[in-house]
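The residues making up each chain are set out below.
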Amino acid sequence: MRWYIAIRYLLSHKRQSLVCVAGVTISVTMFITMVAMMEGFKDKFIIETVESSGHITIHDEPRETRTKILELVYTDPNALLAVDSVKPREDVKKIKNAAGLMAQLRHLRGIEAVAPEVDGDAIATYGTKTMTVSLLGIEPEQQLRVTTVGKDVVEGSFDRLRTTADGVIVGRGVADLLGAKLDDEITLSSNTGGRTTSRVVGIFATGVTPVDYSRAYMLINSAQTLLDKKNVINDIIVRTQDYTKAQGYAAQIESIAGYKTESWQESNANFLKIFAIQSIITYIITGALLVVAAFGVLNILIMAVLERVNEIAILKSFGLSRADITWIYVFQGVIIGLIGTVLGEVIGKLGVEGLRRLPIQVEGLIKSEGLLMSESRGMYVWAFVSSMAIVLLAAVYPARRAAKYDPVEVIRGAH
Amino acid sequence: MARTETMLEMPPARVGHNPPLLEARHVRRVLGTGDAANEVLCGVNLIVRRGEYACIVGASGSGKSTLLYLLGGLDRPTRFDAAGRPFDPPSQVFIEGENTADLSDTQLAMLRNRMVGFVFQFHYLLKEFTAQENVALPMFKSGRLSRQAAMERSAQLLKRLGMGEKLKRRAHRLSGGEQQRVAMARALANEPRVLLADEPTGNLDRRNGELIEDIFHELHAGGQTIVMVTHDLSLAKRADRRITMEDGKIVEDERMGN
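Residue numbers (my numbering), protein chains in the order written: chain A, 1 to 415; chain B, 416 to 673.
Pulled out of the complex, with its shape left as it was, chain A reads as follows (with noise of 0.2 Å):
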């Protein structure tokens, strides 16, 4: 009886009723959308740049810390030690016993591939254009293993850096910078002095804007003799089973290695943030939107309740509790939240792929060909779920209000 009573009361005011649903489906549209828009981006930079880079990188740069050879003698920690002119070790940075730590980490719960890098910066100069790019030296094949760089290549193919000893693959943004084709021949040369002509023979696009503008990728070897660092590994990028695990197996791994060990969410903490931010704004945006909607769902609900007192008095005479009362305030609430978010999710869904189809080219932290909507499921659950608890909560007060109108005192004034 009482959903009979709702729905009828509802169907009293047909156009007031309506606006309701529609104040509902458009924030529940534009939650999902902005979200998905949201989403969609963050999705790919994070795909694409753990893709790329690997879930997890240990870096040549050794995490105990020498003590000085002072303190050591005068232990007093009072004791004021002061060396002037100190000249700094001029030790080769690099990760000792790089193969033997790789066996290991092989072997560790979780972990999938581990493959070895040589990085350094590189001018490169094709003609009269020149620029800096960021130089990896990798094994081919292990390489393939912990990203997805092969798969990257769009133009020339990734087995060519195998079989050609001076090939280079670059970013597509090094080689429009460069203004270089494939088969062209660049000039890479290091800060150390060494220097190296390279045939491109690929080019790559991971979608990140800041590795397919500053990535070149040659064979460790050719990359170590160019950067003088002869047997060096400066980083083994590893990867992992479920790369958002990858913080907690970045802990275990920095343990054992004893070399700072970044997550993918470490080493890209910043872009992180932006997208947090990003987040929260988009959040309060849309949260806003159904605020509003929450407040007409209020409104109708008050005005319907303040018309509706002598109703209200003799629907408790004839046995109907405060319980009744308030679940059929309720329920009015539930069926305009129900159908609002229902057709929000619906409209919502239709505007995503119909974005998602607008020739727009995005260019700018990610380059993708029209805009990039997420797929996930769990934002439509948020949406239904946020919604149909904020219409809820917005009936929740007409509701008790309406509950608590004693039928004597209605009916007394009524007289």
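Derived by calculation from the structure, the hints in this document are not laboratory data. Any given hint might turn out to be false.
[As the list claims (entries may be wrong)] Cβ-to-Cβ under 8 Å is the rule here; a few derived chain B residues that face chain A: (1) Y484; (2) D490; (3) F495; (4) A498; (5) L518; (6) M525; (7) R527; (8) N528; (9) F535; (10) L541; (11) E543; (12) L552; (13) F555; (14) K556; (15) S590.
[Unchecked claim] One side of the interface only, derived from the structure: several residues of chain B facing chain A at Cβ under 7 Å: (16) D520; (17) T521; (18) P553.
Computed from a prediction, not measured in an experiment: that's the story for all the values here. Note that CB positions come from ideal geometry on N, CA and C, so glycine has one too.
Given chain A, put chain B in place with the hints provided.
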């Protein structure tokens, strides 16, 4: 205006031992608090038995309606004095032996649904609902009949009150007299033990007033217990018991011999 076609079926009339159906024991009702407190009922005692047609009369503000609402469980008696002490003797209302003070809001609501039918001066129909639906609502609440059976009984009741042709008419499109007849049918929907009416003809013209008067008379003849508050002398004359109230007390309780 159509007359009622026949007597409405009612609970079997009392035979032999007839225990109280409604009982007010030392009932007090204080409205407002502090300096604004107003003692509307001052220790009223009253017993209504099955089959009675009692009429409560008195000046405005004498506490007639308050007593009626208390007898029907729509309100509860005041149990404590201004200092928070329970009244001695306790202020209580019993509906078929059930002390309304012991019942939760939901239990009291169920009791009203099952045992009491209210008719007010203003009909208070649900305006978006048809006459038939308005009458069926108490039956929907009780759940004793299926939805279809409730609608059928609703139609039957309305036909017997001369509203057979306006079953599907929305409440706000009915005249005042018609609305009051729908309200009466609604009050009778669950075959209540007692019909409580508060100035049922107070808002009607003479012709409609007489029609309602006749309906009450016929209901009583069929065994229906009725307690009615009225200023209408002709209506009061047809009752078989007249209770006169003054300043929150019953000052006269006489059998009319109708």
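Handout entry: Hint check, failures only
Key = 3, 4, 5, 15
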